Amino acid sequence: MSITHTILPFSSSVLSFVFAFLILKRYWAKRGLHQLLWGIGMIFYGIGGFCEAFYGIAGWNPLIFRLWYLFGAILVAAWLGQGTVYLLVKPRWAHALMAVLAVASVYGAVRVFTAQLDPSLMTSSLHTGAELSGHAIVTPGVRSLTPFFNLYGTLTLVGGALYSMWLFWRKRILLHRVLGNALIAFGAILPAFGGAFSRFGVPNALYICELLGAIFIFAGYLRAITPMKNAPQVVETSGA
Amino acid sequence: MKSEKPAPTPRRFPPLYEKLIPIVLGVIGLAVVALLVIIVIVVSGSF
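Just so you know, the sequences run in chain order A and B. The first sequence begins at 1 in my numbering and counts up one residue at a time. The second sequence begins at 241 in my numbering and counts up one residue at a time.
Keep in mind that the hints were calculated from the coordinates and are not lab data. Where hints are given, some of them may not hold.
Covered stretches of chain A (in silico footprint by chain B; criterion: 3 or more residues with CB under 8 Å from a CB of chain B, positions within the stretch not fixed) [claimed, not checked]:
id	segment
1	139-150
2	156-162
3	182-191
Quick list of in silico lysine to any residue cross-link-like pairs, SDA-like style, CA-CA up to 20 Å [claimed, not checked]:
id	chain 1	residue 1	chain 2	residue 2
4	B	Lys259	A	Val103
5	A	Lys171	B	Val264
6	A	Lys171	B	Ile263
A quick note: this is a predicted structure, and the numbers were derived from the prediction, not measured. We treat Cβ as the ideally placed atom computed from N, Cα and C, and that holds for glycine.
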C-alpha cells in the first residue's frame, strides 16, 4: 500500500464529491442543465477515484473494477463535456447529443458489467499492477469503447472551455471567466494525458494527473463564477 | 450640423493578461491536438 495508490486517488475522490455538491447546489438554485451534467460528471469522477483508492487499500474486487472502468475510464469525460454542450449549443442539438450519450452510456455499462475479467493481466511488461488498468478486461471490444467517449469529452469539455475563453478574450470582457476557463481546460486535459501515459506504461501518471485535474477544474470553476474583487481594469486605448 | 459620435476606443486587458492569454490558448490548443493524435493512435491500434 503506497501513498500514491491510496491517498492520491482518495483525495481526488473527496475533492470531486465536494465539487459535485457545490455544483448541484448551484443547479438547485439556478436550474441550468449544464450544472446538472457537470455535477453528475464530477460524481463519476469521485466514484473513479474512490475505486482506485479502494483497490490500493483492499486489493482486487471485480465490482469495484467494473465501477472504476465504467465511471472513471469511460463516462466521466463525456458527461462533463456534455455539460459544456448544454452551455454552448442550442437546446435542440444538446438534447439530441444527450440522447446519444445516454444510449451509448447504457451500452457501455452493459458491456463493462458483462465483460470477462482477469486481474493478472494488469501486471504486464508495462504495468506493475499497482494501479487499476483496463488490461484486466479480457472480452474484446470493451476497451475500444473508451477512446470514443474520451474523444467526445475532450472535444466538448476542453474545446468548449477554450472556445469560451477565446470569446471573452476577443471581446475583452469578464476576465475572471477567461482565467477560469483556462484553468478548466488545463485541468480537463490532465486526466486524459494521465490515462494515455498510463496506457503506455508510465507509472503513477494516472492518479497524479487525476488529482491535479480535479484541483485545476475546481479552481477554474470557482474563478469563473467569482468576479475578481480587485479586478484589473480594462485599459481603454486610443484608436490612433 | 450633425454631431458625430467618437469612434469607440478598443478595450484591452492589462498588459500581463494581454501577453499571457494568447500563449495559454495556444499551448492548451496544441496539447489538445497532441491528445487527439494519441487517441487516434490508440484507436487505430485497437482495430
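Coverage criterion applied to the segment 156-162 of chain A (partner chain B; beta-carbon cut 8 Å; 3 residues)
holds (count 3)
Would the pair lysine 171 of chain A and isoleucine 263 of chain B pass a check requiring their Cα atoms to be no farther apart than 20 Å?
17 Å, holds
Taking beta carbons only, do three or more residues of the segment 139-150 of chain A come closer than 8 Å to chain B?
Coverage by chain B holds for the segment 139-150 of chain A (5 residues, Cβ < 8 Å).
Residues of the segment 182-191 of chain A with Cβ under 8 Å from chain B, three needed, outcome:
holds (count 4)
20 Å limit on alpha-carbon distance, applied to hinted pair lysine 259 of chain B and valine 103 of chain A:
44 Å, violated
Quick one, are lysine 171 of chain A and valine 264 of chain B close enough, alpha carbons at most 20 Å?
17 Å, holds
In this structure, only the earlier hint numbered 4 is contradicted, and the remaining ones agree with it.
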